[in-house]
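Engineer: Sequence:
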Amino acid sequence: MSSGTHRVAVLVHDGVKLLDVAGPAEVFGEANLLGADYRITLVSTTGADVASSIGVRIAVDGSAATQPDPDTFLIPGGDVHPRTPVTRPPATTPSPNRPRA
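All the letters of the sequence shown, read from the start, carry residue numbers 221 to 321 under the working numbering.
The hints are simulated quantities; they were obtained by calculation from the structure and are not laboratory data.
Treat the hints loosely; a few may be bogus.
[Claimed, not checked] Distance ranges between label pairs, derived from CB positions:
{"#": "1", "residue 1": "ASN252", "residue 2": "GLY275", "range": "27 to 35 Å"}
{"#": "2", "residue 1": "LEU239", "residue 2": "ASP281", "range": "19 to 27 Å"}
{"#": "3", "residue 1": "ALA256", "residue 2": "ALA279", "range": "35 to 43 Å"}
{"#": "4", "residue 1": "GLY267", "residue 2": "THR292", "range": "29 to 37 Å"}
{"#": "5", "residue 1": "ASP257", "residue 2": "VAL300", "range": "13 to 21 Å"}
{"#": "6", "residue 1": "SER273", "residue 2": "VAL247", "range": "34 to 42 Å"}
{"#": "7", "residue 1": "PRO244", "residue 2": "GLY282", "range": "27 to 35 Å"}
Quick reminder that beta carbons are idealized off the backbone N, C-alpha and C, glycines included.
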């Protein structure tokens, strides 16, 4: 992974709205076509696949606790909220003076 890669994790959960997952992912994907370097991963609290609000299964890349710290952490909406807590708190916003890894 190059130093310019920006990791984006999307926390999906049972009952998530597909549009709230797909919309941001499409934006990052389009930015990649214009030269950006976003790496998008779908994560759940347990690492198990989830079902959207209309029953469509969403495959995940792993659990939020086991994936590398993302640069951006998105929590899409839904009619219900995740019922299983994320065991690792999301990273805080990096200081503009802190060097990036």
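Engineer: Each of the hints needs a verdict: does it hold here or not?
Structural biologist: Hint by hint, here is what the structure shows:
1. ASN252 / GLY275: 27 to 35 Å: holds (29 Å)
2. LEU239 / ASP281: 19 to 27 Å: holds (20 Å)
3. ALA256 / ALA279: 35 to 43 Å: Since ALA256 and ALA279 have Cβ atoms about 24 Å apart, the given range 35 to 43 Å is violated.
4. GLY267 / THR292: 29 to 37 Å: Taking Cβ atoms as reference, GLY267 and THR292 lie about 20 Å apart, which means the hint is violated.
5. ASP257 / VAL300: 13 to 21 Å: violated (34 Å)
6. SER273 / VAL247: 34 to 42 Å: Violated, since SER273 and VAL247 (Cβ atoms, about 21 Å apart) do not stay within the stated range.
7. PRO244 / GLY282: 27 to 35 Å: violated (19 Å)
Consistency note: the structure conflicts with the earlier hints numbered 3, 4, 5, 6, 7.
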